[in-house]
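Novice: Which chain is which? The protein sequence lines are A and B, in order.
Sequential numbering from 62 applies to the first sequence in our numbering.
Sequential numbering from 45 applies to the second sequence in our numbering.
Incorrect hints may have been included.
Covered stretches of chain A, going by a simulated chain B footprint (3 or more residues, C-beta under 8 Å) [said to hold, decoys possible]:
| hint | region |
| --- | --- |
| 1 | 114-127 |
| 2 | 152-159 |
| 3 | 166-174 |
| 4 | 247-261 |
In case anyone wonders, no lab produced these hints; they're calculated from the structure.
From the three backbone atoms N, C-alpha and C, an ideal C-beta is built for every residue, glycine too.
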Amino acid sequence: MAIISTAGLSRTFATKRGPVEAVRGIDLTVREGEILGFLGPNGAGKTTTLRMLTTLLTPTGGAATVAGHDLATDPAGVRAACGYVAQSGGVDTQITVREELVTQGRLYRLSKARAAERAGELARDLGLTGLLDRKCGALSGGQRRRLDIAMALTHRPRVLFLDEPTTGLDPGSRADLWDLVRRLRDEHGTTVFLTTHYLDEADALSDRLVVADRGVIAAEGTPGALKLEYGGSLDASLQDTFLAITGRSAAPADAAPVAV
Amino acid sequence: MLLHDTGLIYGRYLRQSLRSRFALLFGVLMPLLYLLFFGPLLTDLPLGGRGSSWQVLVPGLLLQLGLFGASFAGFSIIIENGQGVVERMRVTPVSRLALLLGRVLRDATVFGFQAVLLVLAALVMGLRAPLPGVLIGFAFVALLTVSLASLSYALAMKVRTPQEFGPTINALTMPSMLLSGLMLPMTLGPAWLDVLSHLMPFRYLVDAVRDAYVGSYATAHMLHGTLVAVAFTALAVTVGTRVFRTAGA
Ligand SMILES: Nc1ncnc2c1ncn2[C@@H]1O[C@H](COP(=O)(O)OP(=O)(O)OP(=O)(O)O)[C@@H](O)[C@H]1O
Ligand SMILES: [Mg+2]
């Protein structure tokens, strides 16, 4: 059963300097319980796609359903089913971790008592227990990221969208996050849709990869299948595979040599 | 759900206001300075109205408080947009209208509180006005705050940067203040200015509150003021709701 399916999903931004076609038609299906790695160079349209799938942005073309709810006709259903961690987070620096977690619970319509209880559970799960009474602004980058993720898990969403969840995390915290993602899937059957620029992460974590480029899907498949098809062999590095797919070498050919 | 969510958002932002007590008091500073250093200049001037000069000035200062305070309310949402807080809330099932109403009601509370402080200070300075009139004045401040804050949040969601927001609000509030006769009654001026000021909705509000402060409640000014205030509030909240409802505004 597809938990996410999109057809021709697209978004054009009207800007002062003309239209920007951020996403030009994405066709995608994601199975329930799948961990999907959504890759692509900067500006490929990953964040824009996630913002559409989480109802933050109205598509200018195409359609999609998330957890059986149509994006256009039942945004409330989509919101109830999914959690979203934005690329740049979303907590108020002046507020304590506890208040943010409790408020988030209340926004998901938990009772006061239940929201307080859930804040405690989430803090325990994400190693924030000792930080509950700190202001969000006084957290380290990694602690802040864990808080962002805790917020998105408040209502045990069936689908979790993570936009570059591990950017800025130390290796230990990244490993913890990978464990968390796997645990969510194994124990709760959560579908995880994550973007990342760390190819080792995509390789280790994802069941399937989707590579976007210039607003369309350039390739998709298991890491192994992509390596075989685009990298030439199963032993190819994902880095080379990625560059082969997006047609870009690590240093652009026309760039002037960098003096060192 | 709308009530639950509005209460929740209201609580969150009221706590935010209470955390910055300094800002809470600082808001009354400008009208208070007018009261202290401008008010005494008027005591012996013929202002054309009934009652003392304080009964003319204080209604104007009350609305000035609402005008300047509420027009800048949107700044806070620009900051929150930058932090991603607005989007984080918008992916939850929270009512879109509550995201606006909770904030706007917080603003009405804050400016209502400041209005009370201002009137208390004015009483010390020499204001004498009937209690029902004073209460009517607070009601107008509340309506003005709700409407201007709604428009301010709507604009802030649209422009998104303080560099665009600040100058726009400045360009709108200054002429509004001057043209609605908040400081001195427009009837003192030449006819063209008086006519021009009738194009300004706040003009009707000031006239109504000035009537209330001298105890005349069943007047044409009161009727027009009430109609304009209610209509303007309805319009502003509708605009605000529209903007808050559309995703990714
Ligand atoms: N609000 C907006 N207005 C105009 N253009 C936008 C807007 N948001 C995104 N874009 C443009 O759309 C394109 C896709 O942006 P998007 O943020 O989706 O990329 P991304 O794949 O997430 O990149 P990154 O890896 O750098 O996060 C970019 O060219 C970007 O400049
Ligand atoms: Mg991005």
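Novice: Hints first: check each against the structure and report whether it holds.
Specialist: Verification of the hints:
1. 114-127: With 5 residues close enough to chain B, the hint holds.
2. 152-159: Check passed, 5 qualifying residues.
3. 166-174: holds (count 4)
4. 247-261: violated (count 0)
Checked against the numbered hints above, the structure violates only hint 4.
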